[in-house]
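> Keeping their order, the protein sequence lines are chains R and D.
The first sequence maps to residues 1 to 111 in this note's numbering.
The second sequence maps to residues 112 to 221 in this note's numbering.
Please note that the accuracy of each hint is not assured.
Calculated from the model, a selection of chain R residues having no Cβ within reach of chain D, i.e. all distances over 10 Å [to be verified]:
#1 P8
#2 R60
#3 Q80
#4 L99
Using C-beta positions, here's what the derived DEER-type ranges look like [claimed, not checked]:
#5 D:M138 <-> R:G82: 39 to 49 Å
#6 R:G16 <-> D:E190: 49 to 59 Å
#7 R:S52 <-> D:N139: 22 to 32 Å
#8 D:T116 <-> R:A78: 35 to 45 Å
#9 D:G174 <-> R:T18: 24 to 34 Å
#10 R:A78 <-> D:G174: 28 to 38 Å
#11 D:G164 <-> R:T20: 37 to 47 Å
#12 D:S180 <-> R:S62: 34 to 44 Å
#13 D:Q133 <-> R:A78: 27 to 37 Å
#14 D:L191 <-> R:I54: 25 to 35 Å
#15 R:E55 <-> D:P194: 41 to 51 Å
#16 R:T18 <-> D:Q133: 25 to 35 Å
Don't read these hints as lab results, they were simulated from the structure.
Cβ atoms here follow ideal geometry from the backbone N, Cα and C, with glycine treated the same way.
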Amino acid sequence: EDKVVQSPLSLVVHEGDTVTLNCSYEVTNFRSLLWYKQEKKAPTFLFMLTSSGIEKKSGRLSSILDKKELFSILNITATQTGDSAVYLCAVGGGSNYKLTFGKGTLLTVNP
Amino acid sequence: NAGVTQTPKFRILKIGQSMTLQCTQDMNHNYMYWYRQDPGMGLKLIYYSVGAGITDKGEVPNGYNVSRSTTEDFPLRLELAAPSQTSVYFCASSYGGEANFGPGTRLTVT
């Protein structure tokens, strides 16, 4: 059975801090790893990673994948209160592209 | 493009009632998914589909049924609603990369 484990489950930081969110996975026939941000509505897409060692970056957010160790990290630098959200990791696998999500990390950024 | 649309947005059901949650996408995506999200939890996969006429069970399929007669539509059917099915339901579609989500349906079973 495919498995996605995120840590920590929750995190409280102050504005300006840097955070690292973790995602480890076990999946048959890995195809991609996805990061989403969810703020009391539908998840919104952040990154898709398919190759090891290639960093994806968007503003203060960045992510990298290690396919040998089966994990990914999402970094957020200089956090802002608007970064407060649940961050979800998902892994796509198999010929029918089954997408399995982790439980998410609840990030709270205090002013 | 409207993307992924879901109806209704909210619904209250009595125990034992049936209903269908509608999901339509206009992006010609082959892959479609139904997830449920309980408070404070991640997304649990109910059913998914790789194309018209093909569906597969996810982690939590019991109490639900789906059909995929067209590329665009992927309705989710609850036959005998139970309080344990109170949740927010998200439909999503994908080309095989990132998934696009609908706005969700908040369902309460009392």
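> So, for every hint listed, does it hold in this structure?
Evaluated hints:
1. No beta-carbon of chain D is positioned within 10 Å of the beta-carbon of P8 (chain R); the least distance is around 14 Å.
2. Against chain D, the non-interface label of R60 (chain R) holds: every CB pair exceeds 10 Å, the least being about 20 Å.
3. Annotated as non-interface, Q80 (chain R) keeps its C-beta farther than 10 Å from every C-beta of chain D; the closest such distance is 23 Å.
4. The Cβ of L99 (chain R) does not lie farther than 10 Å from every Cβ of chain D; its closest approach is about 6 Å, which violates its non-interface assignment.
5. In this structure, M138 (chain D) and G82 (chain R) break the distance hint of 39 to 49 Å, their C-beta atoms being roughly 28 Å apart.
6. Taking 49 to 59 Å as the suggested C-beta distance range, the pair G16 (chain R) and E190 (chain D) conforms, at roughly 52 Å.
7. Look at S52 (chain R) against N139 (chain D): about 31 Å separates their beta carbons, and that is inside 22 to 32 Å.
8. Between T116 (chain D) and A78 (chain R) the beta carbon distance is about 36 Å. The supplied range of 35 to 45 Å therefore holds.
9. For G174 (chain D) and T18 (chain R), the Cβ-Cβ distance of about 43 Å falls outside the hinted range of 24 to 34 Å, so the restraint is violated.
10. For the hinted restraint 28 to 38 Å between A78 (chain R) and G174 (chain D), the CB-CB distance of approximately 45 Å leaves it violated.
11. The hinted window of 37 to 47 Å between G164 (chain D) and T20 (chain R) holds, with their beta carbons roughly 43 Å apart.
12. The given range of 34 to 44 Å is respected by S180 (chain D) and S62 (chain R), whose C-beta atoms sit roughly 42 Å from each other.
13. In this structure the supplied range 27 to 37 Å is violated for Q133 (chain D) paired with A78 (chain R), their Cβ-Cβ distance being about 42 Å.
14. Taking the beta carbon of each, L191 (chain D) and I54 (chain R) are about 48 Å apart, not inside 25 to 35 Å as hinted.
15. In this structure the hint that E55 (chain R) and P194 (chain D) lie 41 to 51 Å apart at CB holds, the actual value being about 45 Å.
16. The given range of 25 to 35 Å is broken by T18 (chain R) and Q133 (chain D), whose C-beta atoms sit roughly 43 Å from each other.
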